[in-house]
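Protein chains: 2
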Amino acid sequence: MDTEQIRALYGKWIDELWHADPDDMDQLAEQLVTPDFVGHWPGEEVSGPAQLAEMLRRSVSLFSGVRVEVVVGPVVENDLVSARWTFSGKYNGELPGSPAAAGTEVSFAGTDIFRCRDGRFAEYWVSSDGLQFMAQLGFTPKP
Amino acid sequence: MDTEQIRALYGKWIDELWHADPDDMDQLAEQLVTPDFVGHWPGEEVSGPAQLAEMLRRSVSLFSGVRVEVVVGPVVENDLVSARWTFSGKYNGELPGSPAAAGTEVSFAGTDIFRCRDGRFAEYWVSSDGLQFMAQLGFTPKP
Chain U
50 MDTEQIRALY GKWIDELWHA DPDDMDQLAE QLVTPDFVGH WPGEEVSGPA
100 QLAEMLRRSV SLFSGVRVEV VVGPVVENDL VSARWTFSGK YNGELPGSPA
150 AAGTEVSFAG TDIFRCRDGR FAEYWVSSDG LQFMAQLGFT PKP
Chain B
50 MDTEQIRALY GKWIDELWHA DPDDMDQLAE QLVTPDFVGH WPGEEVSGPA
100 QLAEMLRRSV SLFSGVRVEV VVGPVVENDL VSARWTFSGK YNGELPGSPA
150 AAGTEVSFAG TDIFRCRDGR FAEYWVSSDG LQFMAQLGFT PKP
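Those protein sequence lines, which keep their order, are chains U and B.
Position 34 (the first sequence) corresponds to 83 in our numbering; numbering is contiguous.
Position 141 (the second sequence) corresponds to 190 in our numbering; numbering is contiguous.
Source of the hints: derived by calculation from the structure; they are not laboratory data.
Possibly wrong hints are sitting among the right ones.
One copy or two, it doesn't matter: identical chains are merged, so the pair holds either way.
[Said to hold, decoys possible] Taking lysine to any residue pairs in the SDA-like style, the calculated list, with each CA pair at most 20 Å apart, reads: (1) K191 / A151; (2) K139 / R164; (3) K139 / R56; (4) K191 / T153; (5) K191 / G146; (6) K61 / Q185; (7) K191 / H89; (8) K191 / P148; (9) K139 / V87; (10) K139 / E79; (11) K191 / G92.
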């Protein structure tokens, strides 16, 4: 894969997969990641396109009007691509225990790195501003 | 700056700055970042080398034996460089309210992106696994 192919693949990840109808996420995930894909979320590993699609559905399930936008990059070298993004959406009020009101606008940033192979993503590492995200839903770290 | 110069600069950021004696961090920060450097930490902006050194001192102040290691990348393209790292250290028991015992081993990951200019870093964005970090110090998100 050359630099432009990798850049285009990352564009599909952001523009198509994250904004897809949840019912279409399995099919899109199969197009974008290898069968042996491994995703490293904080505290959780995801294996293969089906688990990836499930993780994405879970990530968007608390929000309407989800927008994921690249704000720095993508940075491409050899088989790696990295970018910083922001996630925004309107909270639907359905997280148990959250004191945030339905309709609260939530926005936080994160950074991706992918390793590519054979035209798809084979491995993924992500960090995001989890404390800021939880604070917007009304949760703060307590002993 | 060519790719190898940027890679070497990032190596100094990780190997020298993060592992420096806190008293040397001001001088090292001046070597590594521009006078108008801006760093985007979650929920906090840092401007210039002196504020950067202060942020680094604060970041390592709760730990002994701090190690920061690159685990994916660096990924370099044009004036941008990204990498994933892990931070590890032994908690010194000095965070008010933390139920974690002194001596607790803490380890978490994060991802950097820098923009370079004139041989130094001019802008910085970082995301890290803050929820996992806080959990290791005994804090969980609560309403």
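Going down the list of hints, with the structure as the test:
Taking the shortest alpha-carbon separations for K191 and A151, only the inter-copy value of 18 Å comes in at or below 20 Å, while the best intra-copy value is 23 Å. Proximity of K139 to R164 under the C-alpha cut-off of 20 Å is found in neither arrangement, the shortest distances being 31 Å within a copy and 31 Å between copies. Taking the closest pair of Cα atoms, K139 and R56 never come within 20 Å of each other, the shortest separation being 29 Å inside a single copy and 39 Å across copies. In the homo-oligomer, the alpha carbons of K191 and T153 lie at most 20 Å apart only across protomers (18 Å), although the nearest pairing inside one protomer, at 22 Å, exceeds that limit.
With identical chains, the CA atoms of K191 and G146 are at most 20 Å apart both within one copy (15 Å) and between copies (8 Å). In this homomeric assembly, K61 and Q185 never come within 20 Å of each other (Cα to Cα): the closest approach is 28 Å inside a single copy and 35 Å across copies. In this assembly of identical chains, K191 and H89 lie within 20 Å of each other by CA distance neither inside one copy nor across copies; the values are 26 Å within and 25 Å between. For a Cα distance limit of 20 Å, the shortest separation of K191 from P148 qualifies both inside one copy, at 15 Å, and across copies, at 10 Å.
In the homo-oligomer, the alpha carbons of K139 and V87 never lie at most 20 Å apart, since the shortest distance is 29 Å inside one protomer and 29 Å across protomers. In this homomeric assembly, K139 and E79 never come within 20 Å of each other (Cα to Cα): the closest approach is 28 Å inside a single copy and 42 Å across copies. Taking CA atoms no more than 20 Å apart as the test, K191 paired with G92 passes in both settings, with 19 Å inside one copy and 18 Å between copies.
Going through the hint list in order, the structure does not satisfy hints 2, 3, 6, 7, 9, 10.
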